[in-house]
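Asker: Letter by letter, the chains look like this.
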Amino acid sequence: MDRPVIRNLRLFLDGALLSYIALFRWLRPAAYLASKIIMPLNQILFFTLLGMYATGRDNASFYIIGNALQLTAVSGIYGVTMSVGGDRWDGTLPYLFGTPANRAALFLGRAFFHILDGMLGVVLGFFWGIVLLGLDMSGTPLPVLGLIILVTTLSTTGLGLLMGCLSLITRNIMFINNTVYFLLLIFSGANIPLETLPEWMQRFSSILPLTRGIAAARAIIGGQPFADIKPLLLGEMAITFAYASLGYALFRWFEFQAKKRGTLEAI
Amino acid sequence: MNLERLRSNLRVIGYAFVMTLKQNVIDGFIIFTILIQPLIIALLALWMMDDRAASHAIFIVVGSGLTGLWSSLLFISGNSINVERWIGTLEFMVAMPTPITTIIFGKNLAHVTQSLASMLLSYALAGILFQLDLSIARPGLFLVSLLFTIIAFVAFGLIIAPIFVMNPGVRGWQNAMEFPVYILSGFLFPIALLPGWTTPASYILAPYWAARALHGASSGEATPASILLYLAILIAFSSLYVLISRWLFKVMLHKTRVDATLGLQ
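Chains as they are written, first to last, in the numbering used here: chain A, 39 to 305; chain H, 64 to 328.
Hints should not be assumed to be uniformly reliable.
What the hints assert, rightly or not - Where chain A lies over chain H, by a calculated footprint (3+ residues, C-beta under 8 Å):
#1 89-100
#2 110-123
#3 230-243
#4 253-264
What the hints assert, rightly or not - SDA-like mimics (lysine to any residue), calculated; alpha carbons at most 25 Å apart, straight line:
#5 H:85 <-> A:210
#6 H:85 <-> A:263
#7 H:85 <-> A:212
#8 H:85 <-> A:70
Unchecked claim - With the C-beta cut set under 8 Å, the calculated list includes, among others, these residues of chain A facing chain H:
#9 80
#10 83
#11 84
#12 89
#13 93
#14 94
#15 207
#16 210
#17 213
#18 220
#19 221
#20 223
#21 224
#22 232
#23 234
Derived from the structure by calculation, the hints contain no laboratory data. Here the structure is a predicted model, which means the values were calculated and not measured. Every residue gets a Cβ at the ideal spot worked out from N, C-alpha and C, and that includes glycine.
Build out the structure end to end from the sequences listed, making use of the hints.
Answerer: Here it is in structure tokens:
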């Protein structure tokens, strides 16, 4: 391996670790527990109970699976956005724009630990679903489910990278984050069968992360073979690439503008 | 309390109320909490109910509005003292002759009152967009229930604000406290869906009795006598909250002045 590759790899991993630690430096373990373990449990319980009330107890697994997968958006959207945007709030963005470091390694590194964290969140979601709500996963091929969780987490992280760039130019990113997160509860099909939505909403759902991942998880837990969900996973990967590329392009554009105007800030 | 003092306190409450409303209309987080989130929850519930949405429309409107009330209480009223600390005005509030409780009461009243917008918006959504029947079976009792709900929520806000400011660790649990109250209070589904051992937890929550009164009055499923009983329990809880909040504010002010740590950190 030549030296630039090693250098960029180190930059990627160091940046990933430091931005993650920086994000949670102000949190106590209790706060992490509340946000990443208890809150997701509450969310699964609330929407599953609402779904059971609306459509009957037999449909509980529909809501458990949908909301367990949706949890990846907690890390993918909030975590990644705050890691990318943290450079602006902490005043390190001008230094970042001034450094000769590889931009792709820097940018993508911001998401790395949130991918692991997001996957852990989904696994916990399924754990709560099995233990508290009786989700039956006895016939589920776990490696395939693991692959679905990974691919879905990557796609929400792609959206998070794009939104992280938006956090460099807006003061109201939490408003946008919250709205997107809650809209995903509708549009991803986590709580509503997509075929019951109006056609324009179904079309919009198809360009969002999570939609195909949730459908794939339901299919594999429902006993369908891997071949049936392969197109869904490929679609989810394409969405990851599209959102992450758009985010990176925006990041470079903001950098270009910052240097051109001499502000060394995105706005 | 003499008349002059009463008039002065009412004026302070009025100013705190108006100032808080003015500040809140441009705050993205508050707009999300009282408008966007309850609206999305109402939409979700309406779609999830599908064929049953027509018969449950007013239940969903009231329930989603209550989620807005609770979230607003938890995140906005809960931080009504913390905000003063963050912007550096807490020191003045503690030192001035006007009681801090009066100011916080005015602020919480504004937070809770504006949260009713979530119910109005859900009402408009279900009525206009979904064309659902939203008639209220017992309008008089519904309005009285709404009034007592506001009082109970403001009183609850007077408890959590000093708790959050004195215990930053507890504030860290805010995110985890939102959905449990939605669940235990039966905002959008009956608590009969929950295991029996959770029922006592519902009974000690004022939002549960508020939901019982509002759902009962709007759907007409509860008798007037039952609704009055729920309101009596709500009043009892509100009185208890006010008593506890008086003690909490006393502790907070003592800690602030004696420890001379006006930042309370």
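Asker: For this structure, which hints from the list above don't hold up?
Answerer: Numbers 6, 8, 14, 15 and 22, in rising order.
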